[in-house]
Amino acid sequence: MTIERTLGVDGCKAGWFFVALDASGEAEFALMGSISALWHAHRDAGTVLIDIPIGLISGAGSGRLCDAAARKVLRPRRHASVFSPPCREALAARGYAEACRINAGVCGKKLSKQACGIAAKIKEVDDFLREHPQAVGVVRETHPEICFWAMAGCKPMAHGKKSPAGEAERLDLLERAYPRSSTVFKAALARYRRKDLARDDILDALVNAVTAARLKDHACATLPRRPPRDRRGLAMEIVYARPSGRATSG
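As numbered in the numbering used here, the sequence shown has no gaps in its residue numbers, which increase by one up to the final residue, 298.
Some hints could be false.
Restricting the straight-line Cα-Cα distance to at most 20 Å, the calculated cross-link-like pairs of lysine to aspartate or glutamate (EDC-like) are [to be verified]:
1) Lys-158 <-> Glu-137
2) Lys-234 <-> Glu-223
3) Lys-264 <-> Asp-92
4) Lys-171 <-> Glu-74
5) Lys-203 <-> Asp-220
6) Lys-158 <-> Glu-217
7) Lys-234 <-> Glu-76
8) Lys-234 <-> Glu-74
9) Lys-234 <-> Glu-217
10) Lys-169 <-> Asp-248
11) Lys-169 <-> Asp-115
12) Lys-264 <-> Glu-223
13) Lys-158 <-> Glu-146
14) Lys-161 <-> Glu-172
15) Lys-203 <-> Glu-223
Derived CB-CB ranges, DEER-like [claimed, not checked]:
16) Ala-145 <-> Ala-71: 30 to 40 Å
17) Gly-156 <-> Asp-220: 40 to 50 Å
18) Ala-140 <-> Asp-220: 36 to 46 Å
19) Ser-72 <-> Gly-165: 32 to 42 Å
20) Gly-156 <-> Asp-92: 39 to 49 Å
21) Arg-241 <-> Gly-165: 15 to 25 Å
22) His-127 <-> Ala-168: 21 to 31 Å
23) Ala-116 <-> Ala-267: 15 to 25 Å
24) Arg-142 <-> Gln-162: 39 to 49 Å
25) Lys-157 <-> Ala-235: 35 to 45 Å
26) Thr-231 <-> Pro-181: 32 to 42 Å
27) Pro-181 <-> Lys-210: 31 to 41 Å
28) Phe-176 <-> Phe-131: 13 to 23 Å
Everything labelled a hint here was simulated from the structure, so no lab data went into it.
We put the CB at the ideal spot given by N, CA and C, even for glycine.
Can you build the whole structure from these sequences, using the hints too?
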């Protein structure tokens, strides 16, 4: 009998890093070169939470409600970690200047360099979901800082994730939710070089995986509460596991 797994995924310099958890709590992790390869290796997954924008503005619009809602709950410390992604039309741009021009025409504002920097990965996932409609609803968008916020009882992290204090703060939360977190973290650090996989990429994939597993026991919540859909029918949402006894925010 196949044991259903849940995956947490984060983009990194070498491609995509995932942590998979099965029903018994056993973990598997690896670096994959493409989201398509990751999917084909783990088509049995019940939920895949990925830190990448999925539902996108196209045609016209002022921005995604999920990003605004995430910034609101992460203020005043971590709201800057949520940036507005390019509109779908800007994903094919050749360079930052062209992407800004296209995005300004559709959304009325330019792009941050950070947003433009992950445009290729956003396009990869957008193309993948168009080519693999069976993955829609299984592969869902999340944001690690929202996952940590929910895990901490709806409180933003006090420290940036790249600082020693921020790493320790996040690992402590992860250990409480999944006691093998430090073991997985150290094993991933030992297996991959930092030029391919950063320390915070491992933390992000871990919290996404633990959140995906917790969706079985906690109510699945989204920002906003009733996510709109984009022109292709993809939800513009950020998924998290609602803490017990808490109402959804946003």
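Evaluation of the provided hints:
1. For the hint linking Lys-158 to Glu-137, the alpha-carbon distance of about 13 Å falls within 20 Å, and the restraint holds.
2. The straight-line distance between the Cα atoms of Lys-234 and Glu-223 is roughly 13 Å, inside the 20 Å bound, and the hint therefore holds.
3. Restraint check for Lys-264 and Asp-92: satisfied, since their Cα atoms lie roughly 16 Å apart, inside the 20 Å limit.
4. Annotation: proposed proximity of Lys-171 to Glu-74 is violated, straight-line Cα distance about 32 Å (limit 20 Å).
5. The straight-line distance between the Cα atoms of Lys-203 and Asp-220 is roughly 14 Å, inside the 20 Å bound, and the hint therefore holds.
6. Among the hinted pairs, Lys-158 with Glu-217 is inconsistent with the structure: their alpha-carbon atoms are about 34 Å apart, more than 20 Å.
7. With a C-alpha separation of about 13 Å, the suggested pairing of Lys-234 with Glu-76 holds against the 20 Å cut-off.
8. Restraint check: the Cα-Cα separation between Lys-234 and Glu-74 comes to about 15 Å, which is no more than 20 Å; the hinted pair holds.
9. With a C-alpha separation of about 16 Å, the suggested pairing of Lys-234 with Glu-217 holds against the 20 Å cut-off.
10. The hinted pair formed by Lys-169 and Asp-248 meets the criterion: a straight-line CA distance of about 18 Å does not exceed 20 Å.
11. This hinted pair checks out: Lys-169 and Asp-115 have alpha carbons roughly 18 Å apart, not beyond 20 Å.
12. Annotation: proposed proximity of Lys-264 to Glu-223 holds, straight-line Cα distance about 18 Å (limit 20 Å).
13. For a cut-off of 20 Å, the pair hint linking Lys-158 to Glu-146 stands: about 10 Å separates their Cα positions.
14. Restraint check for Lys-161 and Glu-172: the C-alpha separation of about 18 Å stays at or below 20 Å, so the hint holds.
15. A distance of roughly 17 Å separates the Cα atoms of Lys-203 and Glu-223; the hinted pair therefore holds under the 20 Å criterion.
16. Range check, Ala-145 to Ala-71: Cβ separation about 49 Å, and the 30 to 40 Å hint is violated.
17. Between Gly-156 and Asp-220 the Cβ separation comes to about 41 Å, which falls inside the hinted range of 40 to 50 Å.
18. Checking the proposed 36 to 46 Å range against Ala-140 and Asp-220 shows it holds: the Cβ atoms sit about 42 Å from each other.
19. Range check, Ser-72 to Gly-165: Cβ separation about 38 Å, and the 32 to 42 Å hint holds.
20. Between Gly-156 and Asp-92, the C-beta spacing of about 43 Å keeps the proposed range 39 to 49 Å intact.
21. The hinted window of 15 to 25 Å between Arg-241 and Gly-165 holds, with their beta carbons roughly 20 Å apart.
22. The beta-carbon spacing between His-127 and Ala-168, approximately 25 Å, falls within the hinted interval of 21 to 31 Å.
23. The hinted range of 15 to 25 Å is satisfied by Ala-116 and Ala-267, whose Cβ atoms lie roughly 22 Å apart.
24. Between Arg-142 and Gln-162, the C-beta spacing of about 19 Å breaks the proposed range 39 to 49 Å.
25. Checking the proposed 35 to 45 Å range against Lys-157 and Ala-235 shows it holds: the Cβ atoms sit about 42 Å from each other.
26. In this structure the supplied range 32 to 42 Å holds for Thr-231 paired with Pro-181, their Cβ-Cβ distance being about 37 Å.
27. Distance hint check: the CB atoms of Pro-181 and Lys-210 are about 37 Å apart, consistent with the given range 31 to 41 Å.
28. Between Phe-176 and Phe-131 the CB atoms are about 22 Å apart, so this pair conforms to the stated range of 13 to 23 Å.
Hint check: violations occur at hints 4, 6, 16 and 24; the rest are consistent with the structure.
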